[in-house]
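There are 4 protein chains.
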Amino acid sequence: MAARKPIIGVMGPGRTEVHTEPVDKHVELALELGKQIAAHGWLLLTGGRNIGVMDAACRGAKSAGGTTIGILPGPDAMDISDAVDIPILTGLGSARDNINALSASVLVAVGMGPGTAAEVALALKARKPVVLLATNPEAEKFFSGLAPGLLHVAGDVEGAVTHVKGLLAAQQGGAAGGAEQQQQ
Amino acid sequence: MAARKPIIGVMGPGRTEVHTEPVDKHVELALELGKQIAAHGWLLLTGGRNIGVMDAACRGAKSAGGTTIGILPGPDAMDISDAVDIPILTGLGSARDNINALSASVLVAVGMGPGTAAEVALALKARKPVVLLATNPEAEKFFSGLAPGLLHVAGDVEGAVTHVKGLLAAQQGGAAGGAEQQQQ
Amino acid sequence: MAARKPIIGVMGPGRTEVHTEPVDKHVELALELGKQIAAHGWLLLTGGRNIGVMDAACRGAKSAGGTTIGILPGPDAMDISDAVDIPILTGLGSARDNINALSASVLVAVGMGPGTAAEVALALKARKPVVLLATNPEAEKFFSGLAPGLLHVAGDVEGAVTHVKGLLAAQQGGAAGGAEQQQQ
Amino acid sequence: MAARKPIIGVMGPGRTEVHTEPVDKHVELALELGKQIAAHGWLLLTGGRNIGVMDAACRGAKSAGGTTIGILPGPDAMDISDAVDIPILTGLGSARDNINALSASVLVAVGMGPGTAAEVALALKARKPVVLLATNPEAEKFFSGLAPGLLHVAGDVEGAVTHVKGLLAAQQGGAAGGAEQQQQ
Numbered sequence: 001m002a003a004r005k006p007i008i009g010v011m012g013p014g015r016t017e018v019h020t021e022p023v024d025k026h027v028e029l030a031l032e033l034g035k036q037i038a039a040h041g042w043l044l045l046t047g048g049r050n051i052g053v054m055d056a057a058c059r060g061a062k063s064a065g066g067t068t069i070g071i072l073p074g075p076d077a078m079d080i081s082d083a084v085d086i087p088i089l090t091g092l093g094s095a096r097d098n099i100n101a102l103s104a105s106v107l108v109a110v111g112m113g114p115g116t117a118a119e120v121a122l123a124l125k126a127r128k129p130v131v132l133l134a135t136n137p138e139a140e141k142f143f144s145g146l147a148p149g150l151l152h153v154a155g156d157v158e159g160a161v162t163h164v165k166g167l168l169a170a171q172q173g174g175a176a177g178g179a180e181q182q183q184q
Numbered sequence: 001m002a003a004r005k006p007i008i009g010v011m012g013p014g015r016t017e018v019h020t021e022p023v024d025k026h027v028e029l030a031l032e033l034g035k036q037i038a039a040h041g042w043l044l045l046t047g048g049r050n051i052g053v054m055d056a057a058c059r060g061a062k063s064a065g066g067t068t069i070g071i072l073p074g075p076d077a078m079d080i081s082d083a084v085d086i087p088i089l090t091g092l093g094s095a096r097d098n099i100n101a102l103s104a105s106v107l108v109a110v111g112m113g114p115g116t117a118a119e120v121a122l123a124l125k126a127r128k129p130v131v132l133l134a135t136n137p138e139a140e141k142f143f144s145g146l147a148p149g150l151l152h153v154a155g156d157v158e159g160a161v162t163h164v165k166g167l168l169a170a171q172q173g174g175a176a177g178g179a180e181q182q183q184q
Numbered sequence: 001m002a003a004r005k006p007i008i009g010v011m012g013p014g015r016t017e018v019h020t021e022p023v024d025k026h027v028e029l030a031l032e033l034g035k036q037i038a039a040h041g042w043l044l045l046t047g048g049r050n051i052g053v054m055d056a057a058c059r060g061a062k063s064a065g066g067t068t069i070g071i072l073p074g075p076d077a078m079d080i081s082d083a084v085d086i087p088i089l090t091g092l093g094s095a096r097d098n099i100n101a102l103s104a105s106v107l108v109a110v111g112m113g114p115g116t117a118a119e120v121a122l123a124l125k126a127r128k129p130v131v132l133l134a135t136n137p138e139a140e141k142f143f144s145g146l147a148p149g150l151l152h153v154a155g156d157v158e159g160a161v162t163h164v165k166g167l168l169a170a171q172q173g174g175a176a177g178g179a180e181q182q183q184q
Numbered sequence: 001m002a003a004r005k006p007i008i009g010v011m012g013p014g015r016t017e018v019h020t021e022p023v024d025k026h027v028e029l030a031l032e033l034g035k036q037i038a039a040h041g042w043l044l045l046t047g048g049r050n051i052g053v054m055d056a057a058c059r060g061a062k063s064a065g066g067t068t069i070g071i072l073p074g075p076d077a078m079d080i081s082d083a084v085d086i087p088i089l090t091g092l093g094s095a096r097d098n099i100n101a102l103s104a105s106v107l108v109a110v111g112m113g114p115g116t117a118a119e120v121a122l123a124l125k126a127r128k129p130v131v132l133l134a135t136n137p138e139a140e141k142f143f144s145g146l147a148p149g150l151l152h153v154a155g156d157v158e159g160a161v162t163h164v165k166g167l168l169a170a171q172q173g174g175a176a177g178g179a180e181q182q183q184q
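Residue numbers (UniProt numbering), protein chains in the order written: chain A, 1 to 184; chain B, 1 to 184; chain C, 1 to 184; chain D, 1 to 184.
Just so you know, these hints were derived from the structure itself, not from any lab.
Just so you know, not all the hints are guaranteed correct.
One copy or any two copies: either way a pair holds, since identical chains are not told apart in the list.
Unchecked claim - The list that follows gives simulated cross-link-like pairs (lysine-lysine, DSBU-like), each with its CA atoms no further than 35 Å apart:
(1) K141 to K5
(2) K141 to K165
(3) K165 to K5
(4) K165 to K25
(5) K25 to K141
Can you make the complete structure from the sequences, with help from the hints?
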């Protein structure tokens, strides 16, 4: 059976409406990151709502022919982004943040807020690699100190994508070569 | 934007290994049901593990070119069916049963066990329609009594698919015509 | 350290308002069952809302000096029963039903509805004993068939309490004597 | 009906064994904080495991006659602290961190790790006040920036308890006086 497509999580603040002018910096970055994720043949996973970074990343991915998965906090179809292909309705509220952390092979945080911080922390707790894109120096310092080997910082979308590529390659190498790692 | 593909959930006991001979009746039904779901252009959602009805339904869907979503109970990639395209790792144990109930537009139960019963009950609690396929008279009587309008019984795969088609049509009609229903 | 007090779960439909006349049969039973649970020195665990069986059981337990735990579906203090001492706000919606099933040593279902059915099924899935009190013949037949050794039926509160006592004694005997059971 | 006792959450790294010498600074602080919480008549809520800060805080509270609630990640009784009176078995893994954030009126973080960071972030996301006790300057700077009005820093147990007292008083004043706040 052919290998599954890797799932890349993109997290970020939800409050900024994507259609509001002037277009927010994080929304622009998320749009471009979504495009790049689709262009590389990866699946995009976000929080799935119709606002902010999650919406923008999904729109970007769809514009480049990608497939988008949304892990929604609510129990119904109220606030799903139009650009989500596969809405998973969890009804878990913020507890769904841990599903994002577990289901993505690599997490990219675009911008920073309490929800994004929770997702980054849960990913590090689950020993998942995280890339911070355009967050802030306080976040970079704090999370780097928490989990030095897992935390990566990118200054632009290209840098983030380079990190993701490297991390996926390392995971596949590890999966192929490192049977003993499974036993820990 | 084009409409999303409907998500059909297929639930059933996990214990029967799909490769064990003689091939179990529920596994055969799930294989055929998965094929039909893919052939109709619907997405298949299951519990995602590599055993029993969930595995068989995914194999059937893949054999017909479909896309399969697995809502896994565990936090890691331990027991994912090879036939799952999109594994969602919830780490929630049986609490993930409610995600299956919420995320599917229609749920089909193939066979019956405690986990399947939980998923059927949670779907009915969330006011989702359920089709029972090859369960047993006790299950049919019990669940029919719990939620008369939501519970449908099918004797074979063709009957189950006919129910699903009708229920999806009713939901789309309701979504298009029935704004006041949203306000309940 | 002294042994912990056993936690007894009482589940049942939430729709019947406890203050509505004529007083509903299940609410009366839940009130009396709550009293008995407190009188035996057990902790009471319910779904914690201010309606139906869960509210009545908590009121009964409080009237007899007991301690009550409520596992609430919502994220905030909106609809907590006044008779809950310890509200656990899960924000999980119906996924919290599985916490009830896991946290109680024995579950008693008083009456039957979709939510109660989910809790009974999840308890049986987790191999927890369940007592059905004043449900209906369809429920008794269905759940007995699902998990013969775990399902008990009581016709009145006294019978339910007798079952709970016996089941707790068996669990403690098993915990003390049965180390090999832990290894399954 | 008499008011419920406030629930104070104490979070912190789990890795340090409480019985290991030399006794860790965070474990000592958690022991003393647990004592103070019990002495003030508050309920203590922790992650409930038999290690690190959560275990120490529970032992402290029990030594002062308090009541302790543990919100366990696992589905069974495997690693519960002996000092937990009321174990809630969630089976949710790290998704249970959000229950801690929602159920406590105030959260105190003693030390810092990925799990503690997730709990602090989820509390801030839910608009709950948080006190950081003996974490580190990076954590203080980062979380203060995320939610300025909700984040408080204490240098010792006495300072943390003073913060908790003030925050509880403000919540009760707010609950009594501020109906319009509910509507946000």
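Tested hints:
no.: 1; hint: K141 to K5; in the structure: within (32 Å within a copy, 38 Å between copies)
no.: 2; hint: K141 to K165; in the structure: both (23 Å within a copy, 31 Å between copies)
no.: 3; hint: K165 to K5; in the structure: both (13 Å within a copy, 30 Å between copies)
no.: 4; hint: K165 to K25; in the structure: within (24 Å within a copy, 41 Å between copies)
no.: 5; hint: K25 to K141; in the structure: both (21 Å within a copy, 23 Å between copies)
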